[in-house]
Every structure is written in C-alpha cells, then in structure tokens.
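Participant: What follows is each chain in one-letter form.
Protein chains: 2
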Amino acid sequence: MVDLPTGNAVIGQSGGPTAVINQSLAGVVEGLQAGLAASGKVRQIFGMRHGVRGIAKGRTKGLVDLTSLTAEQLEAVARTPSAALGSTRDKPDDIYCAQILEGCRDHDIRYFFYIGGNDSADTCRIVSEKAAEADYEMRCFHVPKTIDNDLRENDHTPGFPSAARFVTLAHMGDALDNASLGGIKINIVMGRNAGFLTASAALARGLRETDLDPASRPAPHLIYLPEVPFIMDEFLADVDAVYTKLGRCQIAVSEGIRDGDGNEIGPQLMGTGEVDAHGNVQLSGSGALGDGLAGVIKNGLTPEGGKPPRVRADTFGYLQRCWTDPSAVDAAEARGVGRHAAALAAEGDAGASITIVRTSNAVDSYRSAFGRAELSAVARHARHMPDAFVLGRNDVSAAFYDYCLPLVGDLPDFTRL
Amino acid sequence: MVDLPTGNAVIGQSGGPTAVINQSLAGVVEGLQAGLAASGKVRQIFGMRHGVRGIAKGRTKGLVDLTSLTAEQLEAVARTPSAALGSTRDKPDDIYCAQILEGCRDHDIRYFFYIGGNDSADTCRIVSEKAAEADYEMRCFHVPKTIDNDLRENDHTPGFPSAARFVTLAHMGDALDNASLGGIKINIVMGRNAGFLTASAALARGLRETDLDPASRPAPHLIYLPEVPFIMDEFLADVDAVYTKLGRCQIAVSEGIRDGDGNEIGPQLMGTGEVDAHGNVQLSGSGALGDGLAGVIKNGLTPEGGKPPRVRADTFGYLQRCWTDPSAVDAAEARGVGRHAAALAAEGDAGASITIVRTSNAVDSYRSAFGRAELSAVARHARHMPDAFVLGRNDVSAAFYDYCLPLVGDLPDFTRL
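Just so you know, the protein sequences line up as chains X and D, in that order. Going by this note's numbering, the first sequence opens with residue 3, and the numbers climb by one from there. Going by this note's numbering, the second sequence opens with residue 3, and the numbers climb by one from there.
Derived from the structure by calculation, the hints contain no laboratory data. Careful: at least some of the hints might be erroneous.
Same chains, same label: a pair holds when it works inside one copy or across any pair of copies.
As the list claims (entries may be wrong) - Derived BS3-like pairs: lysine-lysine, alpha-carbon spacing no greater than 25 Å straight-line:
#1 LYS59 <-> LYS309
#2 LYS132 <-> LYS43
#3 LYS59 <-> LYS93
#4 LYS63 <-> LYS93
#5 LYS43 <-> LYS247
#6 LYS300 <-> LYS43
#7 LYS300 <-> LYS59
#8 LYS309 <-> LYS63
#9 LYS43 <-> LYS93
#10 LYS247 <-> LYS63
#11 LYS93 <-> LYS300
#12 LYS59 <-> LYS132
#13 LYS93 <-> LYS309
#14 LYS300 <-> LYS132
#15 LYS132 <-> LYS309
#16 LYS247 <-> LYS309
#17 LYS132 <-> LYS247
These numbers come from a predicted model, not from an experiment.
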C-alpha cells in the first residue's frame with residue numbers, strides 16, 4: 003500500500019484552448035472520482051478559474067467545486083471546445099509560483115493538475131520544487147495539450163489531431179475552390195515554431211505519394227514549414243513554376259516561417275512588434291503575413307505591362323483550435339491523458355508529465371498508450387518536425403503521412419469532372 | 003403535348019463556388035436524363051468548362067460530355083464542394099454574348115442552363131434575347147446560387163444555408179475561445195452588400211431571444227451589417243461598453259459595411275483599390291478590414307498610459323463557401339432547383355429563373371417549394387436584409403432567427419463551468 007497524502011485536488015487549464023482540452027479536464031475529474039476521492043484521499047476537487055490565476059493568493063479569479071459533477075455533466079463539458087474553466091497566458095515567475103503555493107496551502111491542495119503546453123509543465127515543475135523546499139507535500143501533474151504538437155517525450159499532443167483535421171479539411175475544400183476559379187491561394191496556418199500543423203495540409207491530397215515536382219502534386223502544391231529556411235526568391239520561383247504550368251497554385255504557409263538567418267518572416271512583412279507575456283511575437287489574429295506574401299507575389303509575378311495574377315490569402319486563425327468537429331482519436335486520447343494523470347496520482351507517483359506513446363501505426367491498426375516523463379524533461383523545451391518528415395524545401399515526406407493520417411480521422415472523398 | 007425543340011443541352015457554373023453548387027449540376031443532369039433525354043428531345047448533355055468560357059466561340063475552355071454519367075457518378079460530384087466544371091468571374095458584354103450564341107449554334111444547343119447569381123441570370127437574359135433576335139430557338143434557364151443570399155424573388159438562395167451553417171459554427175467555437183482567454187475578437191464575414199451571412203452569426207447564441215443591451219447578449223455581442231450605417235465612434239462606444247462590463251467582446255462584421263455616406267469602410271482602412279471584372283472592390287482574400295478595425299480599437303480604447311486591450315481579428319475567407327459540411331436542407335434544395343429547371347424545360351417553359359418559396363416555417367415543420375420568375379426580375383438586381391430582420395445598430399431581430407434557424411441544420415449543444 004503506497005503512502006498518499008490526504009487533502010484536496012485542483013485542476014487548471016492554461017494557454018491557447020483546443021477542441022479537446024475539456025476532454026482532459028473531464029478525464030482528470032472522473033479519474034479522481036473513481037480513485038483518490040473514492041478511497042478518501044481526496045475530499046474536494048477544485049477547478050481553477052483562468053488557470054493559476056484562480057489559485058494564486060492575491061489574484062482573484064477563484065475556484066469552482068467540481069467534486070460532485072455527474073457523468074452526464076462531465077460528458078457535456080468534455081464535448082465542448084475551449085477551456086471550460088477559462089484559461090490564461092500568464093507564465094508564472096518565482097514570486098507568482100510562491101503565490102500559487104500559498105493558495106494551494108490555503109485550500110489544503112495535495113494534488114495539483116495542470117493541463118497545457120511546455121510553459122504549463124514548467125509551472126508544475128517550479129511549484130513542485132517550491133512545495134518540496136517548504137516541506138509541503140503536494141504532487142504536481144502536467145497533462146499535455148497543444149495544437150502546435152511541440153512537446154518533447156510525446157509521439158503527439160492532444161489538441162493537435164483535431165487542429166490537423168481542420169487544416170486538412172480546410173485545404174480540401176479550398177483546393178476545390180482554387181481549381182474552380184484558378185489563381186494563387188495562400189493559407190496561413192498556426193503552429194508557431196513547429197511545422198506539424200502546417201504539414202497536415204498535405205493530407206488534403208488524398209494520397210500518400212509525394213512528388214518532387216510541385217506542379218505534379220495535387221494541391222496544396224507548396225508547403226512552407228518553420229523548420230526549413232524560407233528564402234523569398236526561391237518562394238517566388240516555386241510559385242511561378244506551378245502557376246505557369248497549372249494556372250493555379252495552393253500554398254500552405256506556417257505562421258512561423260523564418261529566413262536563412264533564423265529571423266521570422268511575419269514581423270518583417272507586418273511591421274508589428276506586439277509580444278505576449280512569454281515574449282513571443284503576435285503571429286495569430288492578424289492577416290498581415292498572408293497579405294504581405296500576397297503582395298510580394300503580385301509585385302514579383304506581374305509580367306511587364308501585364309495584369310497581376312489573382313492572389314488571395316486566408317489566415318485560418320482561431321478556428322483551427324476551436325472548431326466543433328474534433329478528431330475521434332484526439333477526443334479519446336485527451337480524455338485518456340487526464341484519466342492517466344489521476345491514476346498515476348493514485349499509484350503514488352510523486353509528480354510527472356503525462357505522455358502519449360504510439361504502440362501501433364497505420365490507419366486501421368493505430369493504437370496508443372499513456373506514459374510518464376519527468377516534468378523537467380518536458381518543461382520549456384520545444385520539439386520540431388524531424389528531418390525525416392520534410393521533403394525538399396516545400397513539401398513533407400511519405401513518413402509524415404504515415405505519422406499523421408491515423409490521427410485525423412475519416413476524410414471525405416471528392417470528385418471533379 | 004407541348005412543342006419542344008430537339009437538339010443538345012449545356013450546363014455551366016458561374017461566380018464564387020459554394021458547398022452545394024454541384025448538387026444543382028447533378029440535379030439538372032439527372033432531370034434531363036429522366037425527362038428531355040429520355041423523350042428524345044435532348045441528344046447530348048454538355049458541361050461548360052469554366053462557365054461561358056467553355057462555350058463562347060473563340061474562347062477555348064471547351065465542353066465535357068455529361069450525357070451518360072451514372073447515378074453513382076452524379077452522387078459523387080453532388081457531394082463535392084465547389085464548381086466541378088470550373089467557374090468564371092467573366093461578366094459577358096454584348097460581343098461576348100454573341101460569341102456564346104455562336105458556340106451554342108455550333109453545338110446545336112437548344113437548352114441552356116446557367117447556375118449562378120444575378121450576373122448569371124443577366125447572362126441568361128442577354129443570350130436569350132440574342133437567340134430570339136437571331137430567330138434561333140434556345141431556352142435559357144437560370145439556376146440560383148449565391149452564399150450572399152441576395153437574389154430577388156427567392157426566400158433564400160442555395161449556397162447560403164451551408165455558408166450560414168459555417169458562420170454559425172465558427173462563432174460558436176470562437177465564442178468559447180474568447181470566453182477562455184478574454185479580450186476583443188473581430189470576425190469578418192462574407193456577403194458583400196447583403197447582411198444575411200453576417201447575421202447568421204447570431205444563431206451561435208443558441209437562443210432566439212434578443213436583448214437591446216449588447217453586454218446582456220450571449221456572444222456574438224455585436225453584429226454589424228452593410229444595411230446599417232457603420233459609424234466608427236458608435237462602434238468604439240459599443241465595443242467599449244461590452245468590454246468594460248465583460249472583459250471580452252465577440253464582434254461579427256460584414257466585409258461590406260458602409261459609412262453614413264454609403265462608402266465602404268474596407269477600402270478606407272485598406273488603402274487598396276483592386277476591383278474584379280464586375281467593377282467590385284476586392285473584399286475577400288485579405289485580412290485588411292479586420293486588421294484595420296483591430297487597430298482602430300487598440301488606438302481608441304487604450305487607457306491613458308495603460309496597456310492596450312487584447313484585440314484579434316479573423317477573416318473567415320473562402321472557407322465560408324467551400325467547407326465540407328453542408329446544411330442538409332441546402333444540399334436537398336440545391337439539388338431540387340436543378341431538377342426543377344430540367345422539369346420546366348420539359349414542360350415547354352420558354353426560359354426562366356428558378357426560385358425557392360418557403361411553404362412552412364419553424365425548425366421541425368420547415369418546407370419549401372420551387373417556382374419560376376422571369377429572368378429580368380432576377381437579373382442584376384440585388385436583395386438586402388429587410389428592416390424587420392435588423393435590431394438597432396448592432397443586432398438582428400427575432401424574425402431573423404425564425405427565418406434562418408430552419409436552414410442551417412442541427413447545431414451542437416455546449417456547456418461551460
């Protein structure tokens with residue numbers, strides 16, 4: 003019999019919401035209800051309003067009691083996109099983490115669950131260390147979430163498959179639209195410094211084969227990832243070659259593309275310097291990168307004395323993370339990581355980051371399992387597209403299809419004449 | 003027995019594609035197969051590649067033979083978004099229409115079907131008149147299509163309900179996202195000079211009641227239509243009131259909003275003058291209006307010496323017309339208008355624009371029927387939101403809910419804590 007502290011549990015949600023982050027919330031709650039609460043080790047289960055703002059002493063968002071939520075209530079929350087408790091972009095520093103610990107002590111919190119990305123894992127790590135220093139027994143668990151898919155130690159991250167499904171479906175519909183009227187179409191995709199989400203546009207092609215000649219690929223003809231240096235002259239040459247041959251060109255561009263010196267293209271075209279609390283430049287919620295690239299193409303590809311090509315840019319924006327048709331695999335796994343966190347706590351784990359491991363691949367035989375990693379192994383670090391997923395300067399490899407196809411769920415089958 | 007010419011039929015698709023325009027194509031083809039082709043009056047059924055470019059003599063896009071498409075092939079085409087034959091933005095003038103007539107004579111076309119908006123109805127009208135002048139017997143039918151919902155003589159237009167469904171679902175997900183993190187969120191919606199599509203954002207509220215106080219409404223809190231003069235100071239005051247009270251504000255804005263003098267706001271903020279072949283300013287495929295309004299809010303609502311509010315703008319763009327999850331009502335009606343056009347032709351109609359009439363309302367008892375109007379009654383004119391659908395300067399009325407809810411199909415049910 004493991005030795006477990008007795009007290010209360012708290013759960014929070016942090017960072018950009020996803021279509022399935024509430025599945026993880028429901029998973030932790032039902033896991034606690036069936037485990038630590040049933041065995042009497044947890045008396046009350048609290049939810050933090052707007053992440054750590056809800057528990058940190060002196061910050062006033064407060065807690066909500068989740069102890070007695072019914073299975074039906076949990077199910078309704080689970081299928082709702084975005085953070086049902088509210089989220090936050092705060093990245094706690096040392097003083098803030100001390101306030102979190104104080105708030106936890108005030109509420110006799112012994113089990114701390116935080117659903118989020120690598121910043122959230124870092125918050126768990128710092129709070130956990132502060133608790134140890136203060137000799138206050140509290141176990142901190144990080145539950146993974148991010149559409150960027152950039153957490154280490156994970157095959158993929160909850161939230162990513164649903165966002166990838168949206169990006170794939172969007173490119174399928176948009177490719178048909180582009181084929182109807184012709185011209186050049188740019189789609190700006192989220193993902194910041196990781197190219198996984200932009201890469202998922204390739205799944206819109208409905209095939210696994212790749213072709214080194216962009217004009218011989220089904221749309222999207224060109225895919226630009228933050229992991230591959232974006233050279234403007236090469237970009238123009240790529241677009242020109244496809245457009246000259248086909249009269250149309252669909253292009254997927256990551257919001258985080260960088261030039262050969264590693265500087266982001268977005269701010270160079272935008273002329274904006276807005277940064278968030280983590281020091282990151284604002285890449286989303288603006289159409290400036292797409293409009294800037296459209297302008298570059300119009301200027302660069304207008305023939306002497308001729309008409310500019312028809313160029314349009316869509317920035318998919320926040321719909322990528324809140325669209326109401328999640329991947330079924332994603333919904334199940336997001337629920338699973340929440341349950342697994344509660345199960346690890348009941349087994350006496352001292353604190354960990356939950357991970358997803360792929361145990362079997364292929365669309366029909368895909369399986370995954372849940373594991374654990376040390377908080378420090380996931381905190382702060384970011385993961386990028388491995389080289390094996392990249393093909394040349396503007397496409398993804400067959401290995402990426404194998405990786406991503408099982409995650410997004412059934413895709414429709416379309417026909418043109 | 004009506005006296006009908008014997009020859010061939012041609013079908014084309016024009017203007018911006020929709021999620022269900024191929025339903026109408028399939029409807030015309032299967033209607034002809036079962037009617038005029040079965041009775042021997044139509045020998046071959048052609049499809050125009052890229053609208054009238056496919057048939058106009060001297061323009062080279064060509065025709066495709068649709069005569070023997072099987073029911074299974076038609077079904078696969080019907081469920082595919084966008085124009086399966088290709089579309090065009092060409093608006094034929096007198097010379098162009100003479101070329102269309104020449105092409106029709108070359109192919110012994112006696113039945114001409116054109117799927118599109120009021121410009122397409124006008125093309126039908128001109129070609130029809132030219133044929134009469136030349137004493138060439140050819141019957142021209144306009145099959146309605148436009149996500150803008152701006153065709154006269156119609157209760158609503160195929161393509162609109164599916165786009166409205168997308169806009170509703172997008173605002174549902176985005177409202178939850180906005181509630182998670184707070185701040186001000188602007189969503190730019192298509193529809194040009196008609197506010198119907200932007201108005202459909204209101205359905206995201208999940209209720210029919212309206213409230214004159216924007217902060218007492220569920221999101222979207224503010225809806226700006228092209229039919230209501232957009233006064234920048236009033237806009238800022240509206241946003242300020244909601245944001246001050248709630249800490250968040252979701253705003254749906256039509257791409258076609260105009261100031262008190264009737265001038266479009268978009269170009270004023272964009273500084274772009276790009277126009278299409280119809281002389282319309284380019285409103286879509288750019289994030290400039292949303293980014294411009296976001297800038298206006300940041301400048302206008304930043305407290306003296308304080309931090310600007312978090313403002314983000316998404317421009318929904320082409321996904322609104324090509325999203326792969328159409329409204330079931332829309333798919334069925336789009337199929338129906340195509341079939342009805344073929345049926346009218348078989349009955350000896352001399353040429354008409356097909357219309358949709360609502361025969362019974364309410365979500366559970368909604369019914370529609372198909373009718374006819376003269377081409378000249380639909381051609382060129384545009385319809386706008388009736389006054390009865392508008393509430394104050396920033397909302398829609400209960401009558402609009404009654405109008406729009408039966409069209410968009412089942413909506414999900416979400417819960418926050």
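Participant: Taking the hints in turn, state whether each one holds.
Facilitator: For each hint, the structure was consulted:
no.: 1; hint: LYS59 <-> LYS309; result: between (62 Å within a copy, 23 Å between copies)
no.: 2; hint: LYS132 <-> LYS43; result: within (22 Å within a copy, 86 Å between copies)
no.: 3; hint: LYS59 <-> LYS93; result: within (15 Å within a copy, 66 Å between copies)
no.: 4; hint: LYS63 <-> LYS93; result: within (16 Å within a copy, 58 Å between copies)
no.: 5; hint: LYS43 <-> LYS247; result: neither (68 Å within a copy, 41 Å between copies)
no.: 6; hint: LYS300 <-> LYS43; result: neither (65 Å within a copy, 49 Å between copies)
no.: 7; hint: LYS300 <-> LYS59; result: neither (54 Å within a copy, 31 Å between copies)
no.: 8; hint: LYS309 <-> LYS63; result: between (56 Å within a copy, 20 Å between copies)
no.: 9; hint: LYS43 <-> LYS93; result: neither (30 Å within a copy, 74 Å between copies)
no.: 10; hint: LYS247 <-> LYS63; result: between (57 Å within a copy, 16 Å between copies)
no.: 11; hint: LYS93 <-> LYS300; result: between (41 Å within a copy, 23 Å between copies)
no.: 12; hint: LYS59 <-> LYS132; result: within (15 Å within a copy, 80 Å between copies)
no.: 13; hint: LYS93 <-> LYS309; result: between (49 Å within a copy, 18 Å between copies)
no.: 14; hint: LYS300 <-> LYS132; result: neither (55 Å within a copy, 38 Å between copies)
no.: 15; hint: LYS132 <-> LYS309; result: neither (64 Å within a copy, 31 Å between copies)
no.: 16; hint: LYS247 <-> LYS309; result: within (17 Å within a copy, 50 Å between copies)
no.: 17; hint: LYS132 <-> LYS247; result: neither (62 Å within a copy, 37 Å between copies)
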